[in-house]
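Undergrad: Just so you know, the sequences run in chain order A and B. No gaps in the numbering here: position 109 of the first sequence is 109 in our numbering, and each next residue is one more. No gaps in the numbering here: position 275 of the second sequence is 552 in our numbering, and each next residue is one more.
One should not assume that every hint holds.
Below, computed lysine-lysine pairings styled on DSSO-like, alpha-carbon distance capped at 27 Å [as the list claims (entries may be wrong)]:
1. B:LYS442 x A:LYS208
2. A:LYS78 x B:LYS280
3. B:LYS280 x B:LYS315
4. A:LYS165 x B:LYS485
5. A:LYS165 x B:LYS442
6. A:LYS3 x B:LYS355
7. A:LYS38 x A:LYS3
Stretches of chain A that chain B covers, calculated by requiring three or more beta carbons in the stretch to come under 8 Å of a beta carbon on chain B [unchecked claim]:
8. 52-64
9. 188-202
10. 246-256
Bear in mind the hints are in silico, worked out from the structure with no lab data behind them. Small disclaimer: the values here were computed from a predicted structure and weren't measured. Think of the CB as a built atom: it goes at the ideal place given N, C-alpha and C, for glycine as much as any other residue.
2 protein chains.
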Amino acid sequence: MDKRSRSERVVTMTKILCSNPYRLFSLGYFMEMFGTAKSTVSEDLAVVRTAMEDSDTGQVVTVAGAAGGVRYIPRLGKAAMAANLERLAQQLAVPERVIPGGYLYMADLICDPAVAAWIGEAFATVFANRVPDYVVTIETKGIPLALMTARALGVPMVVIRDEGKVTEGSAVSINYTSGSTRRIRTMALARRALPLGARVLLIDDFMKAGGTARGMQDLMAEFHAAVLGIGVLVSTTEPVRKMVEDYVSLLELAELDEQDRRVHLRPGRLVPAFARD
Amino acid sequence: MDKRSRSERVVTMTKILCSNPYRLFSLGYFMEMFGTAKSTVSEDLAVVRTAMEDSDTGQVVTVAGAAGGVRYIPRLGKAAMAANLERLAQQLAVPERVIPGGYLYMADLICDPAVAAWIGEAFATVFANRVPDYVVTIETKGIPLALMTARALGVPMVVIRDEGKVTEGSAVSINYTSGSTRRIRTMALARRALPLGARVLLIDDFMKAGGTARGMQDLMAEFHAAVLGIGVLVSTTEPVRKMVEDYVSLLELAELDEQDRRVHLRPGRLVPAFARD
Numbered sequence: 001m002d003k004r005s006r007s008e009r010v011v012t013m014t015k016i017l018c019s020n021p022y023r024l025f026s027l028g029y030f031m032e033m034f035g036t037a038k039s040t041v042s043e044d045l046a047v048v049r050t051a052m053e054d055s056d057t058g059q060v061v062t063v064a065g066a067a068g069g070v071r072y073i074p075r076l077g078k079a080a081m082a083a084n085l086e087r088l089a090q091q092l093a094v095p096e097r098v099i100p101g102g103y104l105y106m107a108d109l110i111c112d113p114a115v116a117a118w119i120g121e122a123f124a125t126v127f128a129n130r131v132p133d134y135v136v137t138i139e140t141k142g143i144p145l146a147l148m149t150a151r152a153l154g155v156p157m158v159v160i161r162d163e164g165k166v167t168e169g170s171a172v173s174i175n176y177t178s179g180s181t182r183r184i185r186t187m188a189l190a191r192r193a194l195p196l197g198a199r200v201l202l203i204d205d206f207m208k209a210g211g212t213a214r215g216m217q218d219l220m221a222e223f224h225a226a227v228l229g230i231g232v233l234v235s236t237t238e239p240v241r242k243m244v245e246d247y248v249s250l251l252e253l254a255e256l257d258e259q260d261r262r263v264h265l266r267p268g269r270l271v272p273a274f275a276r277d
Numbered sequence: 278m279d280k281r282s283r284s285e286r287v288v289t290m291t292k293i294l295c296s297n298p299y300r301l302f303s304l305g306y307f308m309e310m311f312g313t314a315k316s317t318v319s320e321d322l323a324v325v326r327t328a329m330e331d332s333d334t335g336q337v338v339t340v341a342g343a344a345g346g347v348r349y350i351p352r353l354g355k356a357a358m359a360a361n362l363e364r365l366a367q368q369l370a371v372p373e374r375v376i377p378g379g380y381l382y383m384a385d386l387i388c389d390p391a392v393a394a395w396i397g398e399a400f401a402t403v404f405a406n407r408v409p410d411y412v413v414t415i416e417t418k419g420i421p422l423a424l425m426t427a428r429a430l431g432v433p434m435v436v437i438r439d440e441g442k443v444t445e446g447s448a449v450s451i452n453y454t455s456g457s458t459r460r461i462r463t464m465a466l467a468r469r470a471l472p473l474g475a476r477v478l479l480i481d482d483f484m485k486a487g488g489t490a491r492g493m494q495d496l497m498a499e500f501h502a503a504v505l506g507i508g509v510l511v512s513t514t515e516p517v518r519k520m521v522e523d524y525v526s527l528l529e530l531a532e533l534d535e536q537d538r539r540v541h542l543r544p545g546r547l548v549p550a551f552a553r554d
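One chain only, chain A, in its complex shape:
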């Protein structure tokens, strides 16, 4: 393989690094792959790093030392974050999305892999310094967003179910109150799905009163997990007081008028890169 040009080598390096966010690759890995000297690999990686600096979507970071190497970290810049959120807000704020009962139809966007991917990168950007072991969500609509967040953070996803499943073995289940409907509901997580004492990030699509997020927190306590953060795609302005204290929302649903089919979204809460107006 040593006949490859630098340009060809950096293409392969970029593909490998970007396909495996946060995974550390030693210089030896690339030396072996290309049959090149360490100095050549270092120069190649310098090119990759420089080219990525302009990209506004991620960085290639070098870790020094014997156990060191290089990794790709997805990180949306302010401009990319703002542009993506504004586009999403526009896509959501259309009369056709108002569902009888006063709901906002979002499933098509959540299930679009390209949209889910950048939302995952947005959460990975916001929570980058929390260093979770797992991204935890609850079925069903949180899954695409949580999976892409987990991908961008280089960690596994864990899915809380509505009830214990026979296919997953013994489970811990709790009851919780859906904050908006006041109904008692159940959520369950298989014992084998999450080791005790893990560091977790909670991701979901929507938060109204925060009852589900609160339930997830309580369930995580059963696993002695440390909840490092809660992220939702959309939170509602009302009720102002949620059942969880600390959460991040990318967008805030300020108004949804079922009668007039009027929807108004604005920038979310606690997103440093996309400050409130």
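Assemble chain B onto chain A, guided by the hints.
TA: Chain B alone, transformed into the frame defined by chain A:
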């Protein structure tokens, strides 16, 4: 930006192409991005294409003509497919995964973004020539695999629910028989989730008798959809006769002995790149 070197330009091109499988980028897109001439972009793309040829995970393909351009197509080579499937089979065939009742615990692997990503690329490879408009799955465990398949094919995912949801508006629901338990169950899909007459690929994690897949086929008929293929991660050897005729499974569960906790998996059905022994 015209001060960039070729090596830096191809890094950015690779990142953009690989992040957007199947999406067609015109040469003009890159000419504008880098402020370079068409001939330069063509030469850059030739480098990217050449470097990718060795990768065994995907190709960069040029589409000629006025509406042409270049796109990245994930495509696992025989070696990559075989190696990935063998590793997954080994990870699954361990006694600890046998769940009382005779089930195989797979949720952790399905929820690992890196595993889900290559499974998605495997399905995209197998079904590449079917050209679906949508990848359709049913909640819950099919979702990570379907999302990554949809990502690798550059199309949206659609999730069939266990019942109609108030947050998704009017739905079409059908009853179906779970082939293995013979229980009558319901599945539902919001009308707005899928336009009539779409070309769809069905993806799920597991198939025993095929009742769920059959139900999905029936529900798709209600939407006048053309089912181009059915793909499951694991199918069971027994029953030999499934309720659907034509499906692809990546792995086949030949034995699961609950008493002795013995699991045996072998290569699946109809995967050209990983032929049956």
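Undergrad: Now look at each hint and say whether the structure bears it out.
TA: These are the hints, each one checked on the structure:
no. : hint                : in the structure
1   : B:LYS442 x A:LYS208 : 17 Å, holds
2   : A:LYS78 x B:LYS280  : 24 Å, holds
3   : B:LYS280 x B:LYS315 : 16 Å, holds
4   : A:LYS165 x B:LYS485 : 17 Å, holds
5   : A:LYS165 x B:LYS442 : 21 Å, holds
6   : A:LYS3 x B:LYS355   : 24 Å, holds
7   : A:LYS38 x A:LYS3    : 16 Å, holds
8   : 52-64               : holds (count 5)
9   : 188-202             : holds (count 3)
10  : 246-256             : violated (count 0)
Comparing the model with each numbered hint stated earlier shows that hint 10 is the single one that does not hold.
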